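Q: Letter by letter, the chains look like this.
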Amino acid sequence: MKIVYTDNNATTKVADEVIEEMLPYLGEFYGNPSSMHTFGDQVGKKIKEARQKVADLINADPEEIVFTSCGTESDNSAIFSAIHAFPDKKHIITSNVEHPAVKNLFMHLGKKQGYKITFVPVDKKGILDTDQLYKRMTEDTALVSLMWANNETGVLFPIEEIAQKTREKGILFHTDAVQAAGKVVIDVKKTDVDMLSLSGHKIHAPKGIGVLYIKNGLKFSPFLIGGHQEKGRRGGTENTVSIIGMGKACELAKKNLPVVNTAVRKLRDYLQNQLLEKIPSCSVNGDLNLRLPNTLSIGFDAVEGESILLMLDRYGICASSGSACTSGSLDPSHVLMAMGVPFKSAHGTIRFSLSHYNTPEEMDHIILALISVIEKLRAMSPFWKNGKLI
Amino acid sequence: MWEYTEKVKEHFMNPRNVGELEGANAVGETGSLSCGDALKLFLKVDENEKIVEASFMTFGCASAVASSSALTEIVKGMTLDEAAKLTNEDISNYLGGLPKEKMHCSVMGQSALKKAIANYRGIQILEKPGRIVCECFDVTDLEIIDAVKANNIGTADDVTNYLKAGGGCGKCIEHIEEIIESVKAGR
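Protein chains in written order, with my numbering: chain S, 1 to 390; chain X, 1 to 187.
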């Protein structure tokens, strides 16, 4: 069966060009980039090239780029470093729709290290309450950490404006840009963030490689203490193969950014509009405009997400859900709950996240499959009668 | 992905006895939209109190659908007295087991069945005995004690897996832990 992959906010296909770039360094060129011989140094040169490509994607300087093992490590490193930089400040701020890599660390810091935590709310469209955010920033605030784009709904936060405000107040600002990279323009010269996280496997590089951008001149305490690698900011021998892959992926992401914002957006809009037109009682979660071009979070009344996913699986369709039953918890996703999405559609929410590898034919396949899956599940649902929610 | 048995998958993809049952004389409903799963069970009971037909309507995940489908197959041909003795374990065993986190789906089946039997016999199910511990999912201390004893549960997480209690706001988790402790201590 042909796989229709529309779960790109979960992970992406490693681009063929990326694999091709990586392969020689997995085999023949296995040297250590730190070694004092040409054999190792040729790998070192290649890493330098990769660092430049990553920097180019976000308009940073190469020395501002630190390679890590994943987005979660980047987020954790940034947050720990910020609170170490201001040991006397005991307040940190984030939103209530963050990825677990930030949300759970904040909860941990609140519980175990006595930090006062502010979770800034979002409205029903997923838009951040920036008035609340600015009001809560005080002398005691060490850090604001906010995602650039939400992984579940794709809703964008006004990072540039927030960066200005935090700068004025002398508060460190970290942004998790894992979902934004390759989908919106990121320019750290214009958007004055202190730290920014990226993840390779969301932009067609392999899993196990992340990036932390650290603004020049910012005091940084390493999370992994070890060798001199990454200028002492992250110990451990470099994951050379993946770093080289990440460089290529960033080069491609920059090149494909216009495609994602035209062709991919068009596919997403087509999928969205067709589903809204052809399936009764469904609704899009998140602001329709301030949203990533590839993401569609759509809730179907009176049916449950896991059931939808497992039936779509029979059609070879890969997507995600915000439903409780896929995660082992009982409440639907904290993001949908924070937005106040009603239970009737929150439990039946499916996220489709596209990439430039998707085609119009695939969208038609999804639309037809979903019409029949929703019909089948609603015929079984005690909350659905005569074509309506009861 | 969950590790569902082949039988769970098969009952999910091809559920038996779906839909309202015409002429049903016993109906039991449990769950709600906010819980994330709900089951409406229909039984046709003959003059000898034998269940001659059963059907269901379910909102929920694959294991909720499979548990409902299994339940209707199991109870067909049983007398009401026999059906009253059915446990959630029987439903889970029929399906070759359920993931621990999904045991509440089988509990939902058992609960709908109890309600349907009470409905047939004209018994009003009164307010649940005991004190509400979990406000999110309306679970009492007596229900928790029963489940802990019957399934030899040792952690609050497992209470959540079986009864959902503690799985909402989480406010009652400490209380649930105390209940487990007191059951273990034999009090």
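Hints are computed from structural coordinates only; laboratory data are not their basis. Since this is a predicted model, take the numbers as computed values, not measurements. Glycine included, each C-beta is placed from N, C-alpha and C at the ideal position. There may be inaccurate statements among the hints.
[As the list claims (entries may be wrong)] Now the in silico label distances, taken between C-beta atoms and shown as ranges: (1) D138/X with D313/S: 40 to 48 Å; (2) I145/X with P121/S: 32 to 40 Å; (3) S32/X with Q164/S: 43 to 51 Å; (4) N14/X with K111/S: 40 to 48 Å; (5) D269/S with T155/X: 41 to 49 Å.
Q: Hint by hint, say whether it matches the structure.
A: Hints and how they fare:
1. Between D138/X and D313/S the Cβ separation comes to about 33 Å, which falls outside the hinted range of 40 to 48 Å.
2. Under the hint 32 to 40 Å, the C-beta atoms of I145/X and P121/S, about 38 Å apart, fit the expected range.
3. For the pair S32/X and Q164/S, the supplied restraint of 43 to 51 Å holds, since their beta-carbon distance comes to about 46 Å.
4. Hint check: N14/X to K111/S, Cβ distance near 46 Å, so the stated range 40 to 48 Å holds.
5. Look at D269/S against T155/X: about 47 Å separates their beta carbons, and that is inside 41 to 49 Å.
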